[in-house]
Every structure is written in C-alpha cells, then in structure tokens.
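Residue numbers (our numbering), protein chains in the order written: chain L, 564 to 938; chain V, 564 to 938.
To be clear, the hints were calculated from the coordinates, so they are not data collected in a lab.
Don't take each hint at face value.
Straight-line Cα separation of at most 27 Å, DSS-like style, residue types lysine-lysine; simulated pairs [as the list claims (entries may be wrong)]:
1) L/726 - L/596
2) L/694 - V/927
3) V/694 - L/927
4) L/589 - V/694
5) V/589 - L/694
Calculated from the model, a selection of chain L residues having no Cβ within reach of chain V, i.e. all distances over 10 Å [stated by the list, open to error]:
6) 565
7) 603
8) 648
Backbone N, C-alpha and C fix where the C-beta goes; we use that ideal spot for every residue, glycine too.
Residue-level listing of the chains:
There are 2 protein chains.
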Amino acid sequence: MVYAVGLMSGTSLDGIDAALVEISGKNETTAVKLVQFLTIPFNEATLQRIRDALSLEKSDVEKICSLNIELGEKFAQAVLEVCNKAEVSLDDLAFIGSHGQTVFHIPYARDHVYASTLQIGAPAVICERTKTTVVSNFRERDMAVGGQGAPIVPYSEYVLYQKPETTRLLQNIGGIGNVTVIPKSGTLTDMIAFDTGPGNVIINELCLHFFDQEYDKDGMYASQGNVDQLLLEELMAHPYIKKAYPKTTGREDFGKQFTATLLEKWSGSPKDLIATATMFTAKSIAEAVKPFVHGETELIIGGGGSYNKTLVSMIKSELAGVNVLIQEDIGFSSDAKEAIAMAVLANQTLENCPGNVPSATGAKRSVPLGSVTYY
Amino acid sequence: MVYAVGLMSGTSLDGIDAALVEISGKNETTAVKLVQFLTIPFNEATLQRIRDALSLEKSDVEKICSLNIELGEKFAQAVLEVCNKAEVSLDDLAFIGSHGQTVFHIPYARDHVYASTLQIGAPAVICERTKTTVVSNFRERDMAVGGQGAPIVPYSEYVLYQKPETTRLLQNIGGIGNVTVIPKSGTLTDMIAFDTGPGNVIINELCLHFFDQEYDKDGMYASQGNVDQLLLEELMAHPYIKKAYPKTTGREDFGKQFTATLLEKWSGSPKDLIATATMFTAKSIAEAVKPFVHGETELIIGGGGSYNKTLVSMIKSELAGVNVLIQEDIGFSSDAKEAIAMAVLANQTLENCPGNVPSATGAKRSVPLGSVTYY
Chain L
564 MVYAVGLMSG
574 TSLDGIDAAL
584 VEISGKNETT
594 AVKLVQFLTI
604 PFNEATLQRI
614 RDALSLEKSD
624 VEKICSLNIE
634 LGEKFAQAVL
644 EVCNKAEVSL
654 DDLAFIGSHG
664 QTVFHIPYAR
674 DHVYASTLQI
684 GAPAVICERT
694 KTTVVSNFRE
704 RDMAVGGQGA
714 PIVPYSEYVL
724 YQKPETTRLL
734 QNIGGIGNVT
744 VIPKSGTLTD
754 MIAFDTGPGN
764 VIINELCLHF
774 FDQEYDKDGM
784 YASQGNVDQL
794 LLEELMAHPY
804 IKKAYPKTTG
814 REDFGKQFTA
824 TLLEKWSGSP
834 KDLIATATMF
844 TAKSIAEAVK
854 PFVHGETELI
864 IGGGGSYNKT
874 LVSMIKSELA
884 GVNVLIQEDI
894 GFSSDAKEAI
904 AMAVLANQTL
914 ENCPGNVPSA
924 TGAKRSVPLG
934 SVTYY
Chain V
564 MVYAVGLMSG
574 TSLDGIDAAL
584 VEISGKNETT
594 AVKLVQFLTI
604 PFNEATLQRI
614 RDALSLEKSD
624 VEKICSLNIE
634 LGEKFAQAVL
644 EVCNKAEVSL
654 DDLAFIGSHG
664 QTVFHIPYAR
674 DHVYASTLQI
684 GAPAVICERT
694 KTTVVSNFRE
704 RDMAVGGQGA
714 PIVPYSEYVL
724 YQKPETTRLL
734 QNIGGIGNVT
744 VIPKSGTLTD
754 MIAFDTGPGN
764 VIINELCLHF
774 FDQEYDKDGM
784 YASQGNVDQL
794 LLEELMAHPY
804 IKKAYPKTTG
814 REDFGKQFTA
824 TLLEKWSGSP
834 KDLIATATMF
844 TAKSIAEAVK
854 PFVHGETELI
864 IGGGGSYNKT
874 LVSMIKSELA
884 GVNVLIQEDI
894 GFSSDAKEAI
904 AMAVLANQTL
914 ENCPGNVPSA
924 TGAKRSVPLG
934 SVTYY
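Model the full assembly from the supplied sequences, consistent with the hints where possible.
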C-alpha cells in the first residue's frame with residue numbers, strides 16, 4: 564500500500580474535496596482505504612472568479628489563464644491540509660490524482676464547435692507545492708477516443724462497489740445527477756453510466772435567489788412547499804430527460820440560464836417552486852434508473868443531494884421495491900467518493916492501465932486517462 | 564538515436580511547425596539531427612477562431628474549450644504529415660513534444676490576477692491520433708517555480724549553439740522578438756534570455772491594414788518608406804523597452820491594440836509607418852543586445868523576421884562590429900528552430916532532466932518541464 568491523494572472540485576462549487584487514501588494493486592485487484600478526507604470551501608473572491616469563468620458572458624481568456632494557476636495553488640493547499648490532518652508526511656505521498664475544475668463541457672460536436680471538455684487547475688503548480696507527481700486532465704483522453712469524457716467515476720465505482728448478488732445503482736447528486744449501474748456479478752463491460760439530469764443545481768440557484776442561501780439544508784424549504792404538477796410535467800418534457808443514454812449534461816443545460824427562465828414564468832410561492840424543482844430532480848432520477856431495476860436492487864445515493872432529506876424521500880416514493888440508501892448507510896463517505904475515484908484513476912494511469920468505461924462514456928475503447936506531471 | 568517530433572505554433576500565427584528529428588543522449592550530451600520539417604498554415608476558419616480566443620473581447624470559455632480539441636487534431640495532423648513526408652512510420656516515432664498555441668500570457672501578477680500562461684492543443688488527442696506518447700504544457704512548471712515561463716527555447720539553444728571562442732546572440736523574430744545570450748565557453752547558468760520587444764507583430768498588423776497582406780515580404784514596403792525619427796523616439800520610450808531583463812512580453816503589449824493606437828495618431832504615408840515600425844523592431848533589438856557584445860560576437864537571426872531584408876539590414880546598421888547572420892548562414896533552419904526545441908525539451912522531461920534555464924526565465928531552480936500523456 565502507498566499513500567495517494569485524490570482531488571475533486573465538482574460543478575456544484577462546494578469546494579475542493581481531498582481524499583487521502585492507501586492504495587495498492589491495479590485493475591480488478593485495486594484495494595483502496597480512505598485514511599482522511601476534508602472539503603475546503605472556496606473563499607468568496609475565488610468562487611466569484613470561478614463563476615465568471617463558467618459564464619459565457621463573463622469569461623475571457625485572461626480570466627481562465629489566471630484561474631488555472633489560482634486553482635492549482637488551492638488544490639495544492641488542499642493536499643497539504645489533508646496530509647497534515649492525517650499526520651502523513653509529503654515524503655510518504657506516492658502520487659496525486661487531480662480532476663480539476665470543469666469550466667466547460669460540450670458533449671456533442673456542432674457547427675465548428677468540437678465535442679470537448681475543459682478542466683483547469685495547473686498540475687505543475689500542485690506538483691511543485693506538494694513535491695509529488697500529479698496525474699490530471701482525465702476526461703480529455705476519453706473524448707479523444709470518441710467518448711463523452713463523462714461520467715468519469717464508473718471505473719472506480721466498479722472496483723469499490725461490485726457485488727455478486729445485488730444490482731447496485733450508484734446515484735451521485737452533485738450540481739448534476741449521474742448514475743452508474745453495476746449489474747449483479749457483472750463485469751466492467753456490463754456497466755452503464757450516464758447523467759440523469761439536474762442534481763442540486765436548480766435547487767441551489769433557487770435558494771440563492773429567494774433566501775440568499777447556498778443550498779436547501781436538509782431539504783427544509785422543499786418540505787414546506789407543494790409540488791406544482793403542471794410545471795413538473797413541463798420540466799419532465801425537457802429533451803435531455805427524454806433522451807436515451809449514453810448522455811451527459813452540465814450547467815449549460817440546467818444552470819443559471821435554465822433557472823432564470825423558470826423564475827420568469829413563476830408567480831407562485833418560493834417554497835412551492837423549490838419543492839417542484841426538488842421533485843424534478845427526484846423524478847428525473849427515478850425515471851432514468853427504472854429500466855435497470857431487476858431483482859434485488861439497491862439505489863445508493865451520494866453527493867451533496869444525499870443530505871437533502873426531502874429529495875431522498877421523494878426518490879424513495881418514486882422507486883417502490885428498490886432499496887434506497889445513502890452512501891453512509893453502507894459505510895462509505897458520500898462526500899469522499901469522487902475524490903477517491905481520482906486517486907484510483909491516477910493509480911491506473913501510472914500503471915498504464917485503462918480508467919474509462921466505454922459502456923458508460925460511449926468511447927470506442929478503454930484507454931489510460933490523464934497526463935503525468937512528475938516531481 | 565530515436566525519432567521524435569517537435570511541434571510549435573507561435574504567436575505570429577503562421578501555422579504549425581513540425582520538426583521530425585533524430586535525437587539521443589540528454590543534458591549536455593544531447594545530439595539532435597533535423598530529418599524533415601514542414602509548416603502547415605491554419606485554414607482561415609481556424610485562424611479566425613484562434614484570433615477570437617486570443618482576444619479579451621471575443622474570447623469565452625466555450626471557444627477555448629472547443630479550440631483546445633480542434634488544435635489537438637491539427638497538431639496531430641502535422642505529425643502525420645511530417646512523418647509521411649520523411650517516410651518514417653509512426654511505429655518508429657518515440658515521442659512528440661508539443662508546445663501548444665499560446666492564447667494568453669500574464670508574466671507578472673497583479674490584483675487578483677495570477678502570473679500565468681495558457682497553451683492549448685489537447686495532448687490526449689495528439690497522442691491518440693499518432694499512437695505516440697506526448698509531452699506538452701512546458702511553460703507552466705517554470706512559472707510554478709517563480710519563472711516567467713518564457714523564454715522557452717534557451718535550453719535547446721544552449722545544447723545546439725554553444726561555442727568556445729564566440730559569444731553568440733540568438734535573436735528570434737516571430738510575432739515577438741526574443742534573444743538568448745550564450746557567452747563564449749559559458750555554462751548553462753551563464754545564459755541570459757529575454758524578450759526584446761516587438762518582432763513582426765506591428766509590421767504584420769500594418770501590412771494587413773494598409774495592403775491586405777499578411778506580412779512585409781522581403782521587407783519591400785519598409786524599404787520604400789522613410790523612418791519618422793520623432794515617432795521612433797516615442798516608440799523607443801515604451802516602458803517595456805526601458806525595462807531591465809529578465810522580462811517577457813506578448814501580443815498584449817504590442818499587438819492589435821498597440822497598432823490601432825499607432826494608426827489613430829498617424830496621418831503620413833503607409834510605407835513610412837511600416838519603415839518606422841520596422842526600425843522600431845530593429846532598434847529595440849540592437850539596444851537590448853548591446854550590453855552583451857564582448858569581443859568576437861555573432862548575432863544569429865531566426866524566425867520569420869530573418870527573411871525581412873530591410874529589418875536585417877537595419878539591425879546590421881545599428882550593430883557595427885557585430886557579425887549579423889541569419890540561421891541559414893550557419894546551416895540551421897530558422898523556421899525549424901523552435902519546433903526542434905520542443906523535441907529537445909520533451910526528451911529532457913522523459914529523462915527526468917531539467918528543461919528551463921533559470922537565468923533566462925527568472926525561475927528559482929531548474930525543473931523538468933511539461934506533462935506526459937502516454938500512449
């Protein structure tokens with residue numbers, strides 16, 4: 564076993580997740596143990612600069628150039644802090660896997676616009692500050708072989724969650740929702756994964772708009788509102804929800820713009836709208852996973868959305884017969900899952916082993932992901 | 564000896580330079596031989612998208628995200644073509660060093676803007692299309708150790724040009740001008756390198772504006788105009804020209820904006836203005852290199868500017884006693900120099916050897932540059 568750190572900074576902009584793990588083996592023999600985990604929220608100024616970089620209107624090349632380095636410094640700081648908290652010396656750290664901050668994702672090519680994805684957070688800066696080799700930029704290679712560059716966690720999920728007698732549906736609810744289907748006694752090639760649609764993104768935007776809150780803590784606002792069935796139907800008719808997998812989405816589809824349009828048309832109570840948006844997330848997840856429910860099936864919810872009790876209970880009510888759990892119910896840290904996955908992917912890359920799951924991303928073949936910046 | 568390809572796409576946007584070399588050794592024992600070289604101009608649509616990405620006004624995160632992949636495809640194409648022209652199989656290609664297209668460079672930090680640099684051209688795409696390991700993103704690591712990330716060619720220049728009895732001043736004239744000073748019998752740590760100021764950038768902008776020409780072929784327009792001494796004096800008072808090295812500049816300082824301001828104030832003949840801009844480049848180079856002229860000294864001019872006869876003759880007249888040559892005079896290909904340097908840097912990285920020259924970039928220490936994307 565060696566020590567490694569996985570770094571994740573998701574579209575929900577909650578902050579930087581750093582997971583210190585002990586890891587050994589490769590491919591099916593990979594063994595990972597979480598040693599320490601922490602999330603470092605962005606300060607308000609950095610958060611604003613990230614929001615600007617995500618925005619078609621406010622972003623420009625200078626902002627992206629600068630933010631790439633700024634985030635490298637922040638990611639490095641997260642590594643130092645997680646190691647410090649665990650009292651593990653940097654000298655004992657074998658490598659770091661860094662996802663970077665996604666600033667844009669174009670899953671499908673269109674007129675003169677290439678299918679592409681852009682994660683920033685300079686690996687050279689992380690490498691220098693931590694005196695450790697960094698593997699980064701995982702998604703680009705999957706897209707180079709025809710994949711959508713997302714979802715990125717299925718390989719790690721297969722390694723960590725595969726179970727002989729139970730179909731496991733791993734539902735992550737970050738800004739965007741994504742699911743990984745691990746059929747019972749399935750192999751890597753049987754796995755399916757795709758983005759289900761919105762995660763917390765609409766809910767969070769609404770909480771910010773109406774209550775100046777970053778998110779709906781425990782689903783309190785939603786629990787006090789009533790779902791508007793007409794609006795819910797309209798939302799469920801969104802082309803992305805109707806689309807067959809493999810498919811990926813992002814804040815481009817369900818972010819600020821989408822919520823602004825929603826707000827323009829809404830004249831009812833704020834809490835009713837939040838309840839409706841929460842049910843939209845719940846129902847879009849339920850509809851997306853139903854085709855994969857066969858026999859004993861567990862839906863295991865992770866990500867920030869797993870702490871939204873109203874959302875989880877809505878999902879339960881939409882999925883009778885499925886054992887709906889949250890990550891903590893089975894002894895995993897929901898917060899740490901994606902960061903751990905980055906350490907698993909980095910380990911694969913350094914062993915020259917594949918890290919994408921073609922049945923999940925649509926890629927033509929399995930490839931090692933990412934680039935290595937050596938210390 | 565193994566085959567390798569170096570890829571360069573400079574700020575002058577002339578196209579993609581691809582140099583196929585045979586290379587062996589590392590550090591001082593590096594031996595490089597140019598096998599084949601070609602430049603592939605960008606098509607008009609791609610060129611426009613690069614120009615948009617370089618522009619503070621027109622750039623946005625989506626354009627940069629897409630262009631990163633588009634340029635990866637173009638760079639890969641250049642590798643395929645140079646190997647094909649040389650009848651070297653991709654199977655025999657050991658690695659590729661890719662500089663990428665610089666879309667922004669911020670040499671000095673200021674209020675909430677980090678010193679940073681951004682090169683794009685997805686290495687994962689180059690890697691997949693060429694079935695070859697790619698080393699890329701060379702400048703970021705130098706900046707991570709306090710350097711300016713530029714100039715990037717001195718290490719390669721030291722290996723290729725060092726001479727016991729002669730001080731050699733290697734002056735590259737691309738969009739921007741940069742010089743590398745290799746003192747006679749000097750070691751790597753004696754080297755100095757910095758950007759001298761404008762290269763062809765102002766001249767090219769003026770040719771485009773007045774004559775719808777991309778550049779001043781052979782310096783013809785300049786040769787037919789007269790230098791406006793008053794304007795020249797004003798130009799030479801530019802703070803960058805007065806500044807002491809280490810220093811780096813870019814199109815941000817001497818590009819479109821700078822030329823537009825120049826044009827606003829100008830009411831004389833177009834050719835006089837081009838002659839004055841040409842003399843500005845010549846004089847800013849001469850003034851910059853004069854402190855390094857000791858005993859037998861050669862100024863060896865490379866880059867597109869070396870083909871501008873008026874510019875070269877102006878430099879000669881400003882530097883009496885210095886042997887002013889162009890790369891071809893000493894048997895090197897001027898066009899290929901920077902692309903060859905990328906193969907040399909990639910070789911250093913793969914050998915885990917340094918590639919920056921701290922006395923040139925201002926970095927605190929020597930480090931291997933770049934990230935490795937393995938095939």
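Quiz prompt | chain V versus residue 603 of chain L - minimum CB to CB distance exceeding 10 Å, so not interface | solution = holds (18 Å)
Quiz item: Does residue 648 of chain L sit more than 10 Å from chain V, CB to CB?
Solution: holds (24 Å)
Quiz item: Given the hinted pair residue 589 of chain L and residue 694 of chain V, is their alpha-carbon gap at most 27 Å?
Solution: holds (23 Å)
Practice problem: Quickly compare the C-alpha distance for residue 694 of chain V and residue 927 of chain L to 27 Å and report which way the hint goes. | Solution: holds (15 Å)
Quiz item: Hey, residue 589 of chain V versus residue 694 of chain L, does the alpha-carbon distance stay inside 27 Å?
Solution: holds (23 Å)
Exercise. Verify the proposed pairing of residue 694 of chain L with residue 927 of chain V, using a straight-line Cα cut of 27 Å.
Key: holds (15 Å)
Quiz item: Non-interface claim for residue 565 of chain L: all C-beta distances to chain V beyond 10 Å?
Solution: At about 19 Å from chain V, residue 565 of chain L clears the 10 Å cut-off, so the statement holds.
Quiz item: Can the restraint linking residue 726 of chain L and residue 596 of chain L be considered satisfied, given a maximum Cα separation of 27 Å?
Solution: holds (18 Å)
Violated hints for the displayed structure: none, as all numbered hints are satisfied.
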